[in-house]
Amino acid sequence: MANSLLKNLEELVQDEVITSETADKITKWYADQHPPREARLLAIFGVIGAILIGLGLILIVAHNWDAFPRGVKTVWAFVPLILGLAGSAYTLLKRPESVAMRESSGSFTILAVGVAISLVSQIYNIEGDLAGFLLTWCLIALPLVYALKSNVGALLYIAGITWYGGEVAYDYPSRIPWLYLPLLCGIIPYYINEVLHRSKENGTTFLHWFVVASAVYMLPGFHGEFELLPLAYAALFGVLWQIGALPAMHKLYLVRNPYRIVGALGTTVMLIICSFKAIWSREMFEALSDYSVISALVLLVGMAGIVLYRRQKGEEIQSDPMTWIPPALVLMLPLSAVSDVVSAIVVNLITVGWGIYMILHGTARNHLGWLNFGLVTIAVLIVARFFDMNISYVLRGLLFVGVGVAFLLFNYRLIQQRKKQSS
Amino acid sequence: MKTPKSQWIFFIIAAVAAVAVPLYMVIQSELAWNDGTEYRFRCAAYDPFDPFRGSYVRLRFDQANITLEHESLAAPGDAAYAVLGVDSIGFAQITHLADAIPAEGDYITVEVRDTVHTDFGVRYRLELPFTKYFMEENKAPVVETKFRGLNVAQMENTWAVVSVRNGHAVTKDLFLDGTSANELAAQTREGE
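Sequence lines, in order, name chains A and B. Counting in my numbering, the first sequence runs from 1 upward without gaps. Counting in my numbering, the second sequence runs from 424 upward without gaps.
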C-alpha cells in the first residue's frame, strides 16, 4: 500500500493533483511511521537466530553430558549466560539504538538464564517443580526486558508467566495462582509505554494478543464453582472490550485490537451459555462466596473504572450495549434466587437484543462482519433452545427458515447498498 | 544515543540475579555434596522426561508412604519437615514429621499429599524433594529396563544415595541391586 502510493506521488504532482510540498510531507510521514525495511529484517532474523541458538543450547544441555566431571559441567552452565550478559552490556554501551541488537541479545540472554538454572539443577539432581523453575526464570527475565527494551523478551516473559500460572492452577495439586497477578502487573508499565509510543508496530500488536490470551487462559485458575465461571468470563470480556475502546486502542484496525475482537466474541459465547436454565438453578448464598463470583465482581469494578474514565473524556457510552451486558449477566445471580426460569428468560432476551443491535449496527455502518455476527448469534441461540425446550418440529423448522431468510435479505440489502454507493 | 541510567540499573539487577541464582544453587549443593550426611533411600526407578532438563530416572521411595504414631499438624498440600534416621539395616527412615525446622538432626522438606487415620497411627503419603535422578539421555531408559527386570528381592536392594545438609538434599548416585546405575548403563552399552 505504502509503496504503491509513494510510486504514484510523482505522477500526482505532475498532474497537479497535489503540490510538491504535500508530496514531500507524505514521503516524510511514511518514513517516520515505518523504520527502514533493512533494519526491520535484520531485527527479525537476529531474533530468530538468537532464539534458535538459545533453544538449541537447551536441547544440547538436556542430553546431560555424563562424560564431563561435575566441575566442568558447572562451568559450562554459566558460559551461555555470561556470553548473553556480555552481549547485552555491549548493546547498551555501544548500540542502544539498534533494535536488532537489543532484541536478539535480550532474547538470547533470557534463554541463557533458563539454560544455566536447568543445567545446575540437572548436575546436582535438584528437585524443584516446573512451576518453581519457571517462576525463577521469569523473575530474572523481567528486569532484562526493561533494561534492553526488548519486545520479544516481553513476549517470552508473558508466555513464561502464563505457563507458570497454568502449572500452579491446572496441575495436580492445583492451587490458586495468586503470584500470577503481580507477575502480570510487572510487565504492564513496559506494555503501556509501547502502546502509547509504538501503537502501530507489529511488536505491540503481538503484545496485545499475548496479554489478552494470557488473561483468558488464566481466569479459570481463579474460579470456584465451574458453573459460575461464565459470569467471571463475562466480566473479563467486558473489561477487555472497555480497554479496546480506550482512546489509545480505539483508532487501531480491528486485527490490531484483540481487546475488541475477543471482548465481543467472548461476551456473545457467555450469553449463549448463560441462556441455559441449568446455570441459574443453585443456592445463591453459597454462590456469593464463590471465587468465580468474587472474580466477576472485582473485574466489574475494574470495568466500571474504565467506563467512568471514558465518560469523563466525554465519550458516548450509554448507547454501547457492551457497557450493560456484563454487569447485567452478573446481576442475574440474585434474580436467580427468586426464579431460575426468569433469569434464563431475561438472558435470552438480552441475547436477542444484542443480536438485533449488531444487525442494525452492521447495516447502519455498512459492515458485513457485524451484520452476520448478529445473525449468527440469533441462529445459535435458537439452536441452543432446542436442547432445553420442548418445541415442535414444525416450529423449529419455521424458526430456521426465518433466520435463513433474514440472512439472505440483510446481506443482499447491504451489498446492494454498497453497489449503489460505489456507482 | 546514550543508554539512560534507569536501563543500566535494570540491567545490573538482572545480571546479578541471573548469575546469583544458579551460583547459589551450586554453592548450596556443593556444601551438601561434600559436608552433608549420606543416607540410603530405598526406591523404585522409572524413566520420564523433562522438556528443559532432559532425561531423568524418576525415583519412587518407600519412605514416601509412612505410618507414624504421632499426628503432624500438616494438612494435605502443606510442607512439613521430615526428620531423618536410619533403620536396623542401614536405610534412611523418616522418624518424625515436624511443623517447624527441627533443632536437632538432619531433615528434608517434604510435601504432605494425603493423610489417613488407621489403627496403627497416621498414614502419610509424602512427596520427597529428590524424586529425579538426571542421566544422559540414552542411559535413563536403560536403567528403567534394568530395574523392571529385577526380582522382588533385588528390587528391595535398590537405593539412592542422598547427601543432606541443613535441609538441602543432593542425590549423588543410584544403586540397582547394589550396582551404581551409571556403571550398569555403561556395561550394557559395552555389551551391545
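Keep in mind that the hints were calculated from the coordinates and are not lab data. Model, not experiment: these values are computed from the prediction. You may find that some hints are simply not true.
As a list, the in silico BS3-like pairs of lysine-lysine whose alpha-carbon atoms are at most 27 Å apart [to be verified]:
id : chain 1 : residue 1 : chain 2 : residue 2
1  : A       : Lys-25    : A       : Lys-200
2  : A       : Lys-7     : A       : Lys-313
3  : A       : Lys-94    : A       : Lys-73
4  : B       : Lys-569   : B       : Lys-595
5  : B       : Lys-425   : A       : Lys-200
6  : A       : Lys-25    : A       : Lys-251
7  : A       : Lys-73    : B       : Lys-428
8  : A       : Lys-28    : B       : Lys-425
9  : A       : Lys-251   : A       : Lys-28
10 : B       : Lys-569   : A       : Lys-94
11 : A       : Lys-200   : A       : Lys-73
12 : A       : Lys-277   : A       : Lys-200
13 : A       : Lys-313   : A       : Lys-251
14 : A       : Lys-277   : A       : Lys-28
15 : B       : Lys-428   : A       : Lys-94
Hints, one by one, checked against the model:
Only pairs whose Cα atoms come within 27 Å are accepted, and A:Lys-25 paired with A:Lys-200 is accepted, the gap being roughly 19 Å. For the proposed pair A:Lys-7 and A:Lys-313, the alpha carbon gap of about 40 Å is over 27 Å, so the pair is violated. Taking the CA atoms of A:Lys-94 and A:Lys-73, the gap is about 32 Å. The hint is violated against a cut of 27 Å. Simply put, B:Lys-569 and B:Lys-595 have alpha-carbon atoms about 19 Å apart, close enough for the 27 Å limit, and the pair holds.
Taking the CA atoms of B:Lys-425 and A:Lys-200, the gap is about 25 Å. The hint holds against a cut of 27 Å. At most 27 Å may separate the alpha-carbon atoms for a hinted pair to count; A:Lys-25 and A:Lys-251 meet this at roughly 22 Å. At most 27 Å may separate the alpha-carbon atoms for a hinted pair to count; A:Lys-73 and B:Lys-428 exceed this at roughly 36 Å. Distance hint between A:Lys-28 and B:Lys-425 is fulfilled; the C-alpha atoms sit about 25 Å from each other, no more than 27 Å.
Between A:Lys-251 and A:Lys-28 the CA atoms are separated by roughly 21 Å; this keeps the pair inside 27 Å, and the hint holds. Restraint check for B:Lys-569 and A:Lys-94: not satisfied, since their Cα atoms lie roughly 56 Å apart, outside the 27 Å limit. The suggested pairing of A:Lys-200 with A:Lys-73 is violated, with an alpha-carbon distance near 45 Å, which exceeds 27 Å. Between A:Lys-277 and A:Lys-200 the alpha-carbon distance is near 44 Å, which puts this suggested pair outside the 27 Å criterion.
The suggested pairing of A:Lys-313 with A:Lys-251 holds, with an alpha-carbon distance near 15 Å, which does not exceed 27 Å. About 60 Å separates the Cα atoms of A:Lys-277 and A:Lys-28, which puts this hinted pair outside 27 Å; it is violated. Pair hint B:Lys-428 plus A:Lys-94 holds up; C-alpha atoms about 14 Å apart against a cutoff of 27 Å.
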